[in-house]
Amino acid sequence: MSAAHQEFATKWGLVIDIDKCTGCGACMVACQTENNIAPEKDASNKLRTLTWMNVYELKNGKEFPQAEVAFLPRPCMQCGNPSCVPVCPVVATDKNEDGGIVSQIYPRCIGCRYCMAACPYHSRYFGWFDPVWPEGMEKTITPFTSTRPRGVVEKCHFCHHRWNQAKDAARIAGTDPNNLPDGAYTPACVEVCPTGAMAFGDLKNPKHKVYELSRSKYAFRLLERLNTDPQVYYMTKRDWVRRQGDNYLPNEKA
Amino acid sequence: MEERQSNKAGGVGGVVLLFLVGFVGALVVGWWVFPQVLFSQKTQPIRFSHKVHAEQGLDCESCHTFAKTGQFLGLPSTASCAECHPDETGGTTDDEKEIDKFVTQYAKPGIEVPWLVYQYQPDNVFFSHAAHTGFECTTCHPDVANMDSPPPYHENRLSGYSKQTMKMWECERCHASMGTSNACYVCHK
Amino acid sequence: MGLDRRAFIGLVAGGAVGTLFTPIPWKLADDAAIWTQNWPWIPRVPRGEVTFATTASKLCPSGTGLKVALAGGKPIMAYGNPEHPLSQGGVSPIGASEVYMLYSPSRVRTPMRKTGGKFEPITWEQAQTELMAKCKAAGNKVACISGDVGGTAGEALSAFLAKVGSAAMYAMPGEAGPAAAGFKLMGGQGRVGFDIDNADCVLILGADIFEGSGVSVRNRKAFCASHPLGKEQSAKFAYAGPVRNHTGAVCDAWIPVASAHLGAFALGIAWHLLKAGATSDAADMADFKKLVESGYSPDKVSKLTGVDPEVLAGIAKNLAAAKAPLVIPGSEMGQGMGPGSFIAGMSLNLLMGRLNKPGGAVALPELPAVFPGAETPSEILARDIVGYLKNVGEDKTAAPEVLFVYAANPAYGLPEAAAMAKALEKVPFKVSFASFMDETAAMCDLILPNSLTLERYDDVATPYGSAFCSLTLVKPLIAPIFDTKTTADFILDTAKKMNLALGHDSLEKALKEKAAVLAKSDGFVAKDVMPWQVMAGKDKPAYDPAGLWKDLQAGLAWVKVGQVAQTGLSFAAKVLAALKPAQAELSLAGMAPQRAGTPATGLPAQCLTAIPDTDLKDGASIVRLNAATAKKYGLSQGSSLTLSGAGGACPAKAHISENVMTGVVAVPMGFGHTAFDAFSKGKGDNFLKIMTASVEDGTGVTVWAGSEVKIA
Amino acid sequence: MSFIEAEKNWYPEGVTRCGLGKFLGWLTILAAVLAFGVVAALFIFIFGIGVTGMDNYFGFGLWITFDLAVIALGAGAFFTGLLRYIIRIDELKDIINLAVIIGFICYSGAMLILTMDIGQPVRAWFGYWHPNVHSMLTEVIFCITCYLTVLIIEVVPLVFEQKQLNKIPLLHHIAHNFHVVMPLFAGLGAFLSTFHQGSLGGMYGVLFARPYAFREGFFIWPWTFFLFVLSAIASGPCMTVLVCALMEKMTGRQLTTYRVKSLMTKIGGTMLLIYGVFKYLDTWAWITDILPRAGLTFDQMFYGLIYGKWLMFLELVVCIVIPVIFLLVPALRRRPAFMYWACILNCLGIIINRYVFTVQTIAFPVMPFDSWMTYAPNWAEWATTCMILAYGGIVMSLAYRYLPLFPQEVRLNK
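Protein chains in written order, with my numbering: chain A, 99 to 352; chain B, 546 to 734; chain C, 8 to 719; chain D, 3 to 416.
Treat the hints with care, since some could be wrong.
Stretch by stretch, here's where chain B covers chain A in the computed footprint (C-beta under 8 Å, at least three residues) [what the hints assert, rightly or not]:
hint, segment
1, 194-205
2, 225-234
3, 259-267
Calculated lysine to aspartate or glutamate pairs in the DMTMM-like style (CA-CA distance at most 20 Å, straight line) [what the hints assert, rightly or not]:
hint, chain 1, residue 1, chain 2, residue 2
4, C, 81, C, 704
5, C, 688, A, 233
6, A, 237, C, 56
7, A, 351, D, 291
8, C, 433, C, 402
9, C, 125, C, 402
Listing some non-contacts, in silico: residues in chain A with all C-beta distances to chain C over 10 Å [to be verified]:
hint, residue
10, 161
11, 163
12, 301
13, 316
What the hints contain is simulated information worked out from the structure, not anything from laboratory work. Even for Gly, the Cβ is constructed at its ideal location relative to N, Cα and C.
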């Protein structure tokens, strides 16, 4: 497959500490407004919402009072070996840029949804209807991400526009756009998170926080054994949470 | 049977002739009529003379500036035009009348001029001017500095884009020749 | 020569072949595809320069400073202001809604008067004339219910009421009310705050400090600071409450305790602390000790609350061993707690000597008022609005002639909705200053829409729970989109026209005056040094008092680290002695995450996707109970049930969650709106209406947290 | 000459057909179904695919299942063509025309469904202009369109052999010359068809992050590639026979000999046996290798009634073992009830196979904290699917009435 384990000089990565997530949803809301997702009147049908960033509730399966709860924010994993990219018939999605963010080009997408079937993380969403903003609210559309018509697939792109903005700022300031300092480029979800549960940076750059964090013994990735090689890392000190990061046979250890 | 015979008699030649008529007709329609139908022509709200301004010694960057964030600000705002043209000239030349039109219709009421931009990229494109500062403006833009009147603006009635919007293959060709990445997200948003 | 069939076919064939050699089919196919990226009914993205401006959120009770992105000068999105101490870049879903809510379909677009049961638009002049006439006729029988008593705008309203001779200024219920009332009963002076930043062992009694309680964004930032990514945590958190809610989810321990038993639970811990030798110089120390030793022994508390005696001892041990322990009392749903529970919780801080210490509870001074005659927020907050309205409804208290409703939605946001509505209906002339068409506005005779946060001058002054005094300026970033006015400006103008001049022409001038007054006091502008650092011993930074207004306009917060020294502070042992923990077979616990908005905002449009289908599904509220409770009532996952309490009944669906203690039904708050717009209406039910407002023994204040409920 | 009489001149030589009124009545019923489907299609084109029952979890649903199923069941066309023209099993000339028409209906119907199924139909041509050569779907798009073209070329002589049309010399010559080159197209069709039947299977087998569907394979093709080819050629001939039998039942006329049908089903049964062997091996490898590697167990692949193991039992045992026995034991095959039931089971098995690969694959929650979701097609999907069935019915009815599909019909009905 074209995208199998491609390596880039920069590898943007997100580290999410599940133990610090309260599940408030600020990241979801920030993501939606930043990326021009129209509000939905009936959003309780979660099978039809557009939630590039989605917070899952995890339970340890035990009874009260041994029960525990955790919240897991799920953006696009920007897999190193994405299952969605090789299946796209029209190259509307690709992993071909330095940084390793899996692109999704709305005007190229024909809406076949094969990528959605391929992605085990449910990170990809389809515009079932045209987006409708309440009258006037379309004035709050941002210039950051283009609006999408119905009938195309969309997903989290680590607020890629912010990388472009950071590079432009570096260019005008005369610094190296290809060697951004830690924090120069941060997705909206990371920026607004009140508990600071998320960190973002170049996984390959030792000067970036995520370099150490992703190498922590508490770090893991979702469904690692499927060889998708995600660029999103999770952290937890709780064994039961870690065990829910992948499938294990009863006799296996997480 | 008779009908068929008659067809056969003058037929083959006639059919070929009409085939040619249809063929040429289609070519005329396709190459001459079709473009006129497809594109509408619009003129700028103000006959802005780049030439006059260039002759004053202004270069492109004087009005088409960058923000500190690196964002290219494109066309100047009415306010910045009004810095030099705050009041009516009261003159009678065409140029002066045009200035007065700007002052009365836009500068005084504080309305942005609805300029028609020849090369706006689609919403789904992130074009970084900051990354292209090494090029002459005229590498991509028409050399308006020598034009006294802005050229007419052609809008594709179907797609809604300006005729002069740079197509993707043009971007890709230059990127390829420069050894710059043609990855999707280099330009798309 | 006629065109015969064959010739025609030839012509058509020629045309068809010819067309293939023209751009028509190819260009059309391409342009048609391009047309699909540009569908005229899909909004375009704006062009224009992206800039940022600052202000603070008025819709969000946590008082966060905002950084607002603008494109071509128009606001497009709200982030947290990284330079603001109450935000540090963090923002709640409500704070983030400040921009798009400008265009909420439920915004009241012009002043409106109700005639014959229907609203008709009127001009501001007409509205003012009518209002003045009504106020003149009412004399001092004017009351006000406000959802924002801390700020200068609240001050203006309070001053207006004082001017007409009324003391009927009431605040909407929250955590601040019982705290103010409780602290008063303890003989305390000032407003209580909690220095989570400098605490190393925090026991949270009910309060949802990371969601609906107090300065929740600041609280979460404090949690963030003590839990640095990838490093060991420097503070321990334990949460005691009926539900492991968002706060409980990240705490090191959850101790299941019913809302009604949190006071007893606190005193159970006090028992251990006393036993370990803790003491205080409070006047009623002996009474308190006697009370705790006799009534709150581990087995008694364990029997009442169900908490294992060892757990109780463990918590006490942890608190005693900590360098900077802190206890934060509150309600799991941010309202309905009684002052008695607050006192019980605070008694632990007193016992441990944690008052006015870094990492402890602090008594903050009130900010100076700029409107003479205005009451202090604490005075207003200590009043019992539910008790008052209940009395009005039952004709025990005379109804006011004119009622102002400001930044509040009492018809929705108070317990026993039916009784509250009855009380409101007794008021002959009700004026709403709502920005949105909420349930109360819909009942009012006059709606005078307040401009929204981004359209007006206002301020955020020391929100409840904050460990330091602060003032943040709210300034307009966009001209009012609709025909709205800043309520305070309107009140000031009206007062002037009624010859009741309040001292300032506009809120902006009053705010400038306030800045000038604050500049003389002992504060500073938080920028490089944050107030909690000063509290921990860092030097207070120098600042230029003359530049305060400019700093405030730049979005920075004026802060003050100062504690009110306490004289005569007691445990209020008499009050505690009278406390009788209620025993309910089944009780309600509210879950009030910020994504469900506030009573005054309704459900913010973009938050609906963030509301899980375990709160709301297919228009029905989902309530949570654990398997043991469900079994007792014959319920299972997804089964329908009806919850009934004092004021009525609410239908709901059951969701089995083991994070709810046995004997408790956890209900999502913020739903069941009957006003607002399609984003709020027809979604679930408002469980406040079945919460029973009862009187707390010892304090006489109305409480409804953990009220009893029945499953039908 | 009245219209009714004139219409009779269009029948194939020497056959009788039902009255025009009856025929039009039948067409009206089909047209009504078709019209309802068109309304649903308009809804879909105007408002978007949101009007269907699909959702974020089920981006593939009834439509894709239907497409895969009809393409498999339409495989009779290429496989019979291969046997008739390349392998030269001459007897099959008596049913090849029917197989070709069924193939044409199935493929054109699938294409129609696909135009609705993609979110941006106006961009459908991107599949050819901007192809991703790594995508199995690209292979499908190219092969299906090419093969549909081949099918059209195969259908053209059939249409031109219509009694009245054949009187036109040009059409007569075209039909004749096409027949001469038919082996070439049959070969081409077989090649293309094999590839897209395979790539349809490959589409699922390559989903390496979907343990229910993922398979190892040979070179770039996962095992599902080959299994889909085999299952298609096992079911295609049987489907042809079933359609033939249905037509005989409806018209009351014998259209082919039982011998031809029996031969077809014997071929189908043989292929089903081969398929069955490999399918069992594949399933074994899946259970013992692929699933444990993903940390999953066989039991975890099933859920509740709708995704229960019974479906797998039905597919692998009832719909493979039983039809293989019925079709390969001559004594059983000779009895129509056994033969037809075996054909039905055979086809049903393939439909179930396509269904589980489409729906159960994406219903299985790969993330441990996720849960099983269920999917039910709604009216819009059913209506449009029925529209295609009605379209097939109309084409088949017209073809039967006017085209010389069955060389044996005259003789058998004397």
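Outcome of the hint check:
For the segment 194-205 of chain A, the proposed coverage by chain B is satisfied: 8 residues have a C-beta within less than 8 Å of a C-beta in that chain, meeting the threshold of three. Counting residues of the segment 225-234 of chain A whose C-beta sits closer than 8 Å to any C-beta of chain B gives 0, which falls short of three, so the coverage hint is violated. A count of 6 residues in the segment 259-267 of chain A with a Cβ less than 8 Å from any Cβ of chain B is obtained; the coverage claim is therefore met, three being the minimum. Proximity of residue 81/C to residue 704/C is assessed by CA-CA distance (about 53 Å); at most 20 Å being required, the pair is judged violated.
Between residue 688/C and residue 233/A the CA atoms are separated by roughly 18 Å; this keeps the pair inside 20 Å, and the hint holds. At roughly 15 Å between alpha-carbon atoms, residue 237/A and residue 56/C fall within 20 Å of each other, so this suggested pair holds. The straight-line distance between the Cα atoms of residue 351/A and residue 291/D is roughly 18 Å, inside the 20 Å bound, and the hint therefore holds. With a CA separation close to 9 Å, the supplied pair residue 433/C and residue 402/C stays within the 20 Å bound.
Taking the CA atoms of residue 125/C and residue 402/C, the gap is about 28 Å. The hint is violated against a cut of 20 Å. With a minimum CB-CB distance of about 5 Å to chain C, residue 161/A fails to clear the 10 Å threshold, and the non-interface call is violated. For residue 163/A, the shortest C-beta to C-beta distance to chain C comes to about 6 Å, within the 10 Å cut-off, and the non-interface label is violated. Taking the minimum C-beta to C-beta distance to chain C, about 14 Å, the non-interface status of residue 301/A holds against the 10 Å cut.
Against chain C, the non-interface label of residue 316/A is violated: not every CB pair exceeds 10 Å, the least being about 8 Å.
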